[in-house]
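S.K.: Here are the chains, one letter per residue:
2 protein chains.
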Amino acid sequence: MKQVSETEAARHRAKMEKRKAVQDAEVASKKIEKGLLIVNTGPGKGKSTAAFGLALRMLGHGRKVGVVQFVKGAWHTGEKDALSTFGDKVEWYAMGEGFTWETQDLKRDVAAAEAAWAKAEALMADPEIGLVILDELNIALRYDYLDLEKVVETLQARRDDLHVVVTGRNAKPALTEAADLVTEMGQVKHHFAAGVKAQKGIEF
Amino acid sequence: MKQVSETEAARHRAKMEKRKAVQDAEVASKKIEKGLLIVNTGPGKGKSTAAFGLALRMLGHGRKVGVVQFVKGAWHTGEKDALSTFGDKVEWYAMGEGFTWETQDLKRDVAAAEAAWAKAEALMADPEIGLVILDELNIALRYDYLDLEKVVETLQARRDDLHVVVTGRNAKPALTEAADLVTEMGQVKHHFAAGVKAQKGIEF
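Keeping their order, the protein sequence lines are chains A and B.
For reference, each letter of the first sequence is one residue, going 3 to 206 in the numbering used here.
For reference, each letter of the second sequence is one residue, going 3 to 206 in the numbering used here.
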């Protein structure tokens, strides 16, 4: 058991009292409520995983969640199976083709991206849905499968009570400019570099 | 509908064939399977959310998940309620006290961190559990509530089939050195700066 002296305890208390005052003032200064456009990008792990974590949070509050996968090859079998536990509270559409290097067919990729985007628009229009996850939409935008300007416009025109999360590397600047919250997942260390393979429950 | 010319389609195909060869070789080169020590750190959003997304993935594969919250004030009510849907597949312990600036009581914080760590050790010892989330453990380590060396040693001595995720800002170097996968969540843009308050389904 760590020993804490009275002096140390008093110093800690004084420091934390100050910190609490700052914290409280900061929380009180925020007043706006709005549906957020969230972008999870960067080369690190956790972009989609954090989006699905947010789905969990939203479901915990009883709201419905919609998911459109723009790249079917992105392994989300674990999440999909787990979310099926929530029944019709989750609408999941695996719409895209595989990764671009799997299909090697540009026309098919473009058609799949357009169908996925149509599904995304339908989910965003459904007032029962509180969160829409557009998984790997950034990939479809990066390869110009979709019209960037049109996509950003539609995202900006979303309902006030709808949160949207867009995931994928290399988010386009026009998208991050329109977003309320942008997180860059940076890769500090990755187990693939140490020869560890993709494992059930971690990568898929 | 986006028009794709034959030349464009052929060029795309050739590029993607090359890319697929590189990708396949890379996947084939990874052979190790092991329980990972994962650290989600950095000032951005998504550290805990990605950990809970991983829980979802693990549950989708039918494995049990254990969660220890080292800071009770961290709002995870949404996730907790949603994960309760999975019954005894999830063991959740909200063990810590509030944020340090809420309690202002160093002795109480230390005692709470030690109790939380004891619970973490028990979960890590349970062979039925495939993933243990040590939420905000980095905060307890940062304030020296726990013995860093002892914690890292125990994490390194984990079972071969156990994945552990540690979350929280300011991960200690000794911990990231011991980790297999470290992701730094970087804050590019945050809606709090625009006066938006913490909202149900997003922050908690």
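Careful, some of the hints might be misleading.
Any copy will do: because identical chains look the same in the list, a pair fits if it lies in one copy or spans two.
Lysine to any residue pairs mimicking SDA-like chemistry, simulated, CA-CA at most 25 Å apart [to be verified]:
1. 82 / 200
2. 91 / 21
3. 32 / 117
4. 152 / 130
Simulated from the structure, these hints should not be mistaken for laboratory data.
S.K.: Let me make sure I understand: some of the numbered hints might not hold for this structure. Which ones are they, in numerical order?
M.R.: 2 and 3
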